[in-house]
Amino acid sequence: QQQVKQSPQSLIVQKGGISIINCAYENTAFDYFPWYQQFPGKGPALLIAIRPDVSEKKEGRFTISFNKSAKQFSLHIMDSQPGDSATYFCAASPSRGGADGLTFGKGTHLIIQP
Amino acid sequence: NAGVTQTPKFQVLKTGQSMTLQCAQDMNHNSMYWYRQDPGMGLRLIYYSASEGTTDKGEVPNGYNVSRLNKREFSLRLESAAPSQTSVYFCASKLNRGGYTEAFFGQGTRLTVV
Chain S
41 QQQVKQSPQS LIVQKGGISI INCAYENTAF DYFPWYQQFP GKGPALLIAI
91 RPDVSEKKEG RFTISFNKSA KQFSLHIMDS QPGDSATYFC AASPSRGGAD
141 GLTFGKGTHL IIQP
Chain X
255 NAGVTQTPKF QVLKTGQSMT LQCAQDMNHN SMYWYRQDPG MGLRLIYYSA
305 SEGTTDKGEV PNGYNVSRLN KREFSLRLES AAPSQTSVYF CASKLNRGGY
355 TEAFFGQGTR LTVV
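Protein chains in written order, with the numbering used here: chain S, 41 to 154; chain X, 255 to 368.
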């Protein structure tokens with residue numbers, strides 16, 4: 041049973057456009073939702089994260105939108121740049137105790153065309 | 255400040271051989287994790303250790319064993335490697351303080367079992 045569903049699997053966006061990646065979760069115990077960015081040959085790195093007490097979080101060109109009732113969250117990349125080309129993973133975890141590992145979506149391969 | 259260091263970076267094994275993947279972190283984190291990454295599958299949790307002296311199974315533990323040697327080091331062992339264990343393995347760590355903390359990943363170990 042896949043607990044975090046991510047779409048699309050791949051995405052091509054023109055430079056300057058908006059990239060949108062969507063995720064949905066099933067486990068109501070999840071209450072921490074980070075997005076990780078991964079470049080080829082590197083480990084994932086935290087990009088931005090949100091808690092369910094807010095509906096939106098923005099950091100620079102990156103915004104997470106969160107809909108608790110629908111159990112969905114999305115990443116928006118504004119003014120997409122070629123340097124944003126990477127694989128993006130949404131993830132989720134419960135915060136109780138803090139030790140539980142992250143449950144990841146399957147990833148979105150994003151290509152920004154110059 | 256090295257963060258999370260994994261060794262080796264690449265390894266080729268024959269079916270049935272054993273090996274240990276090493277991971278060390280220098281951030282004084284109490285929780286450590288092993289994930290595997292396969293194309294189209296995202297990252298899946300193999301084992302984790304909430305603190306020194308404890309380990310727990312994740313989503314895909316079969317065929318693996320782990321040892322939390324001390325607070326810094328968390329190793330993953332394949333006793334009898336199988337082609338299905340061909341993957342990229344990532345170690346991660348985080349500081350537990352009630353959840354909502356960033357997990358830091360190593361650079362990965364690319365393992366091929368032939």
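Mixed in with the good hints there might be a few duds.
Said to hold, decoys possible - Straight-line alpha carbon distances no greater than 25 Å define the calculated DSS-like cross-link-like pairs of lysine-lysine that follow:
#1 X:Lys311 <-> S:Lys45
#2 S:Lys55 <-> S:Lys108
#3 S:Lys98 <-> S:Lys45
#4 X:Lys263 <-> X:Lys311
#5 X:Lys263 <-> S:Lys82
Honestly, the hints are just simulated from the structure, not real lab data.
Here is what the structure says about each hint:
Straight-line distance between C-alpha atoms of lysine 311 of chain X and lysine 45 of chain S comes to about 22 Å, which keeps the hinted pair within the 25 Å bound. With a C-alpha separation of about 31 Å, the suggested pairing of lysine 55 of chain S with lysine 108 of chain S is violated against the 25 Å cut-off. The straight-line distance between the Cα atoms of lysine 98 of chain S and lysine 45 of chain S is roughly 22 Å, inside the 25 Å bound, and the hint therefore holds. At roughly 24 Å between alpha-carbon atoms, lysine 263 of chain X and lysine 311 of chain X fall within 25 Å of each other, so this suggested pair holds.
The suggested pairing of lysine 263 of chain X with lysine 82 of chain S holds, with an alpha-carbon distance near 11 Å, which does not exceed 25 Å.
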